[in-house]
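Novice: Sequence:
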Amino acid sequence: MGDGRTRVHPSHRQPVKPHPFHSLLVPVLMLTSLAPRASESRHFDSNGVRLHYRVAGTGHPVVLLHGITRSIEDDWIASRVFPELATRFRTIALDQRGHGQSDRPPGVQHYGHPMVEDVRRLLDVLSIEKAHLVGYSMGARIALRFMATHPGRVRAGVLIASGGVRHPSDTEPFLALADALDRGEGFRAFLRAIAPPGPGSLSDAQIAAIDRQILSRNDPAIVAAVARGFPDWHVPPDALAILRPPVLALVGHRDPVQPAVAQLAHALPSARLHIVPDSDHVSVLSHPELLDALTGFLEATP
Numbered sequence: 001m002g003d004g005r006t007r008v009h010p011s012h013r014q015p016v017k018p019h020p021f022h023s024l025l026v027p028v029l030m031l032t033s034l035a036p037r038a039s040e041s042r043h044f045d046s047n048g049v050r051l052h053y054r055v056a057g058t059g060h061p062v063v064l065l066h067g068i069t070r071s072i073e074d075d076w077i078a079s080r081v082f083p084e085l086a087t088r089f090r091t092i093a094l095d096q097r098g099h100g101q102s103d104r105p106p107g108v109q110h111y112g113h114p115m116v117e118d119v120r121r122l123l124d125v126l127s128i129e130k131a132h133l134v135g136y137s138m139g140a141r142i143a144l145r146f147m148a149t150h151p152g153r154v155r156a157g158v159l160i161a162s163g164g165v166r167h168p169s170d171t172e173p174f175l176a177l178a179d180a181l182d183r184g185e186g187f188r189a190f191l192r193a194i195a196p197p198g199p200g201s202l203s204d205a206q207i208a209a210i211d212r213q214i215l216s217r218n219d220p221a222i223v224a225a226v227a228r229g230f231p232d233w234h235v236p237p238d239a240l241a242i243l244r245p246p247v248l249a250l251v252g253h254r255d256p257v258q259p260a261v262a263q264l265a266h267a268l269p270s271a272r273l274h275i276v277p278d279s280d281h282v283s284v285l286s287h288p289e290l291l292d293a294l295t296g297f298l299e300a301t302p
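Numbering (the working numbering) for the sequence shown: 1 to 302.
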């Protein structure tokens, strides 16, 4: 790499994993049955918005932030990340506003920056001064913005499958998604963008099935409002250059956002890049190497 920073190179372990988009097709009732028995389901008020979260385990606190249209169950429990982390850390997973069991206030003014402040209020409610922050896709964008806005509240950050919002053009796919939802076109173009044609890619019929499932569990107007809030998470280069919390940037080697993740890792002074083999934008969460890299990084953080 030539910049003096440690890079974690991919191994050749082969995961035991169904189709990479299988988790998008599993019914919600099956996912919730995987919730760890020892976890507590709670709610708190974030400036008038009722938000749901789960907490389990003891030790240094770790906060998990999921992706757009997703939930705690979809991203963190189905992948086993939540219960595995809870064996080592005090693990807190948030259903972000507009998602899961949290409130869905209408209007773009309720998304964007307010979603960053939801994380701060969650820490305040739990009397947590500093936490590890782990975000996936949309959640990683929020995590990066939180680190720039509240650097004293973060021990370390793990950014999965996201290059952050470093330039206004980084939000164009999400603004296009919002426009498509307003036109009643659903998520098909967006899904194809994160699963481009190629060996092992999704067929048009599979894209259509996933689109129907996402629409059955989400309000298109709310998702469009969330997507239009993405510009609020812009972190300019000068702000990136002064971020000091250790960062691990994780991305699947077949994920179209891999170049953006590599650029973000290069821009952050204390970042390491880990490319997870045999995985894409969705399957990376369930890859065993991700959990190994995640727990190893957090346990090694002073």
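To be clear, the hints were calculated from the coordinates, so they are not data collected in a lab. C-beta: ideal position from N, C-alpha, C; glycine also. Just to be clear, a hint being listed does not mean it is correct.
Ranges of calculated distance between the beta carbons of each label pair, as one might list FRET restraints [stated by the list, open to error]:
#1 41 to 217: 12 to 22 Å
#2 106 to 244: 33 to 43 Å
#3 117 to 244: 16 to 26 Å
Novice: Which numbered conditions among the earlier hints are violated in the structure presented, ordered from lowest to highest?
Specialist: none
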